[in-house]
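Novice: Given next are the chains, with one letter for each unit.
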Amino acid sequence: MTSIEAHVQQPYKYGFVTDIESEVVPAGLNEDVIRLISAKKQEPEWMLEWRLKAYRNWLKMTEPHWPNVKYGPIDYQAISYYAAPKQNPKLDSLDQVDPKLVQTFEKLGIPIEEQKRLSGVAVDAVFDSVSVATTFQAELAKYGVIFMPISQAIREHADLVQKYVGSVVPYNDNFFAALNSAVFTDGSFVYVPKGVRCPLELSTYFRINASSTGQFERTLIIADEGSHVSYLEGCSAPMRDENQLHAAVVELVALDRATIKYSTIQNWYPGDEEGRGGIYNFVTKRGKCAGVNSKISWTQVETGSAITWKYPGCILQGDNSIGEFYSVAVTSHKQQADTGTKMIHLGKNTRSTIVSKGISAGRGQNTYRGLVKIMKGAEGARNYSQCDSMLIGDKCGAHTFPYIDVRNSTAIMEHEASTSKIGEDQIFYLRQRGLSAEDAVSMIVNGFCKEVFKELPMEFAVEATRLLGISLEGSVG
Amino acid sequence: MAKNQALLEVKGLRVGIAGNEILKGVDLAIREGEVHAIMGPNGSGKSTLAQVLAGHPAYTVLAGTAKYDGKDLLDLKPEDRARAGVFLAFQYPVEIRGITNSYFLRSALNAVRKERGEPALDPIDFLQVLEQKVKAIGWDDSMMNRPVNEGFSGGEKKRNEILQLAVLEPRLAILDETDSGLDIDALKTVAQAVNQLRSPSRSFLIVTHYQRLLNYITPDAVHVLADGRIVKSGGPELAHELEAKGYDWLRDAAMVS
Chain Y
1 MTSIEAHVQQ PYKYGFVTDI ESEVVPAGLN EDVIRLISAK KQEPEWMLEW RLKAYRNWLK
61 MTEPHWPNVK YGPIDYQAIS YYAAPKQNPK LDSLDQVDPK LVQTFEKLGI PIEEQKRLSG
121 VAVDAVFDSV SVATTFQAEL AKYGVIFMPI SQAIREHADL VQKYVGSVVP YNDNFFAALN
181 SAVFTDGSFV YVPKGVRCPL ELSTYFRINA SSTGQFERTL IIADEGSHVS YLEGCSAPMR
241 DENQLHAAVV ELVALDRATI KYSTIQNWYP GDEEGRGGIY NFVTKRGKCA GVNSKISWTQ
301 VETGSAITWK YPGCILQGDN SIGEFYSVAV TSHKQQADTG TKMIHLGKNT RSTIVSKGIS
361 AGRGQNTYRG LVKIMKGAEG ARNYSQCDSM LIGDKCGAHT FPYIDVRNST AIMEHEASTS
421 KIGEDQIFYL RQRGLSAEDA VSMIVNGFCK EVFKELPMEF AVEATRLLGI SLEGSVG
Chain R
1 MAKNQALLEV KGLRVGIAGN EILKGVDLAI REGEVHAIMG PNGSGKSTLA QVLAGHPAYT
61 VLAGTAKYDG KDLLDLKPED RARAGVFLAF QYPVEIRGIT NSYFLRSALN AVRKERGEPA
121 LDPIDFLQVL EQKVKAIGWD DSMMNRPVNE GFSGGEKKRN EILQLAVLEP RLAILDETDS
181 GLDIDALKTV AQAVNQLRSP SRSFLIVTHY QRLLNYITPD AVHVLADGRI VKSGGPELAH
241 ELEAKGYDWL RDAAMVS
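Protein chains in written order, with my numbering: chain Y, 1 to 477; chain R, 1 to 257.
Chain Y extracted, bound-state conformation (with noise of 0.2 Å):
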């Protein structure tokens, strides 16, 4: 062994099929299509004819290509916009649910089960397009937090969706996010009212299951003023020779003096060596802080999905707002990645932190791509950003782009980027000091990323560190 070989591929350990009747509409999109999910899942009128404005205006959009990323064209089509597990509708208990569901959660890890491992842990968790469970519903009530399904919430708080929904991302945004809104079928929804603290850690796990559906889910936070919620999300999804679309959207919002912490931990089956059969992850995430001291804080550690393609960003609209973005993205095998975040400055005395972590292996590309705008009225804005890049293997590679608009001259920015590579004589150190190659790359990666995980909750921090482990063993030789 004289060098650091090419990235050897991790076989993805989330790879199995759960073998449970789907309702499946027929691949192909259309009016009827839209009509159809929107009947399904009992909705309003209202919703109906958001769905087809964003449909409508969807047609007139072209996919973007931009991205620093290649695929080869995506028939929308061919894909089916809806799946639902066939079950009991009502589920009062976890002894409803279908065994092999609950088992397909077991084996994600997942703490469906409320007293397990992740007490403390409320879980909704979005199997394909229908939530299933939605646990400590009862105790978030005694406090009046709304944690539901987004459609069970479009029927429920339906003023509270109807004024929120689209305020941040437009239905006609951008082309994922207008094809999201004509077709999601489901996702997250939670309101933290006034004043109120969220006594527990909330979190959704995504997980595609059925073949050739797109998972089109939204998930819309508020929290009212003077409140704070901190939000997980983990997504994982079966091996399949076809690519699978993944175009979710995800608002925030906060008001006044609000805090959403927004954390993904996204492990999206990447593909084979080729990153045949991965998820083309294109999410539209962006929060608005529109109250005076709110903050917005997002996470995230990225190690699945043959494409990812996401910016989460913030809109500081509020006066003395802050936001933040704190990202770790891993690309191996073949994966391309293309994120970064948008912090849009407009309320005085903004501030925005960017840290940004881009580790590429094997013949992996990692692009960080982000936004600063700095516009007229934000007097006192203030940016720092940090993109650090890490190289393991020479097939691979990091790119750059910060875009920095800044159209008022009080704003003071900061922007630092290095470059490192993980060298056999850091590893050598390391196993010198009798740790195994993989402790050592472990090491070396965990401490490149540590700025980032230190803003992880604990459960997640820890699963964090073990899939970086996974996603990198056997990157050296």
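I should point out that these hints are in silico values taken from the structure, not numbers from a laboratory. Some hints here could point you the wrong way.
Claimed, not checked - Derived pair list, reagent style DSS-like, types lysine-lysine, alpha-carbon separation capped at 27 Å:
| id | chain 1 | residue 1 | chain 2 | residue 2 |
| --- | --- | --- | --- | --- |
| 1 | R | Lys157 | Y | Lys450 |
| 2 | R | Lys77 | Y | Lys421 |
| 3 | R | Lys135 | R | Lys188 |
| 4 | R | Lys157 | R | Lys77 |
| 5 | R | Lys24 | R | Lys11 |
| 6 | R | Lys114 | R | Lys188 |
| 7 | R | Lys232 | R | Lys67 |
| 8 | Y | Lys421 | R | Lys67 |
| 9 | R | Lys71 | R | Lys133 |
| 10 | Y | Lys395 | R | Lys77 |
| 11 | R | Lys24 | R | Lys232 |
All values reported here derive from a predicted model rather than from experimental measurement.
Given chain Y, work out where chain R should sit, using these hints.
Specialist: Here is chain R on its own, set in the frame of chain Y:
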């Protein structure tokens, strides 16, 4: 192991890197408790010898053997050599961002302890192990909470190597030009720490270009490496002779032979 048996026995060792032969047949035997110094001009292969004994993957062993404690050393992975008690103090210690010196050293110690069949130390027990050893090299605890070698001066890095040596308690410690880049005070501290670590059950192989470290650490044997071969061996007095006469006379002698 019998007292007079060698802990390390190298025979006919030939080593290359990127097609160049660096070591052209090295023989060396170090018994338990002995301190040997390897001296020689730049490019003679001193550091190569140190790195090969520790298992650096960039080097290819072309011929020869190296036995450590009766085992085939060259057959072991670097981490297995380390766990078996072979320690290399690096000439150029690497930096590891985001990992504290303390965490790193505890991970290393626990890897070695596992091999010895000893239980892993938790952070509190580890602090007790560390306390005296940190003082011995003239440091306070704050150095332990800094990332490994990051922003350390050359001298601090070398002290850190000696601290690791003290904590890991190897049976064979190889010091690769630990004296280079040290001012006289740091040199004395390092030498003192090494002298304290000398014991009948620990051997040292000290690689150095200059004789000055040997003013403070008296070796049992001195070997001169030139052009990939040991051209002369002797007692501590050989180091003084080299200091006075330089290396050229030996190199010329090697050419002739």
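Novice: Look at each hint and say if it fits the structure.
Specialist: Status of the hints after comparison with the structure:
1. As the CA atoms of lysine 157 of chain R and lysine 450 of chain Y are separated by approximately 22 Å, the hinted pair is consistent with the 27 Å bound.
2. At roughly 23 Å between alpha-carbon atoms, lysine 77 of chain R and lysine 421 of chain Y fall within 27 Å of each other, so this suggested pair holds.
3. Taken as a hint, the lysine 135 of chain R and lysine 188 of chain R pair is honoured in the structure, with Cα atoms around 15 Å apart against an allowance of 27 Å.
4. Pair hint lysine 157 of chain R plus lysine 77 of chain R holds up; C-alpha atoms about 25 Å apart against a cutoff of 27 Å.
5. With a C-alpha separation of about 11 Å, the suggested pairing of lysine 24 of chain R with lysine 11 of chain R holds against the 27 Å cut-off.
6. Taking the CA atoms of lysine 114 of chain R and lysine 188 of chain R, the gap is about 33 Å. The hint is violated against a cut of 27 Å.
7. With a C-alpha separation of about 22 Å, the suggested pairing of lysine 232 of chain R with lysine 67 of chain R holds against the 27 Å cut-off.
8. For the proposed pair lysine 421 of chain Y and lysine 67 of chain R, the alpha carbon gap of about 34 Å is over 27 Å, so the pair is violated.
9. Pair hint lysine 71 of chain R plus lysine 133 of chain R does not hold up; C-alpha atoms about 30 Å apart against a cutoff of 27 Å.
10. Annotation: proposed proximity of lysine 395 of chain Y to lysine 77 of chain R holds, straight-line Cα distance about 26 Å (limit 27 Å).
11. About 15 Å separates the Cα atoms of lysine 24 of chain R and lysine 232 of chain R, which keeps this hinted pair within 27 Å; it holds.
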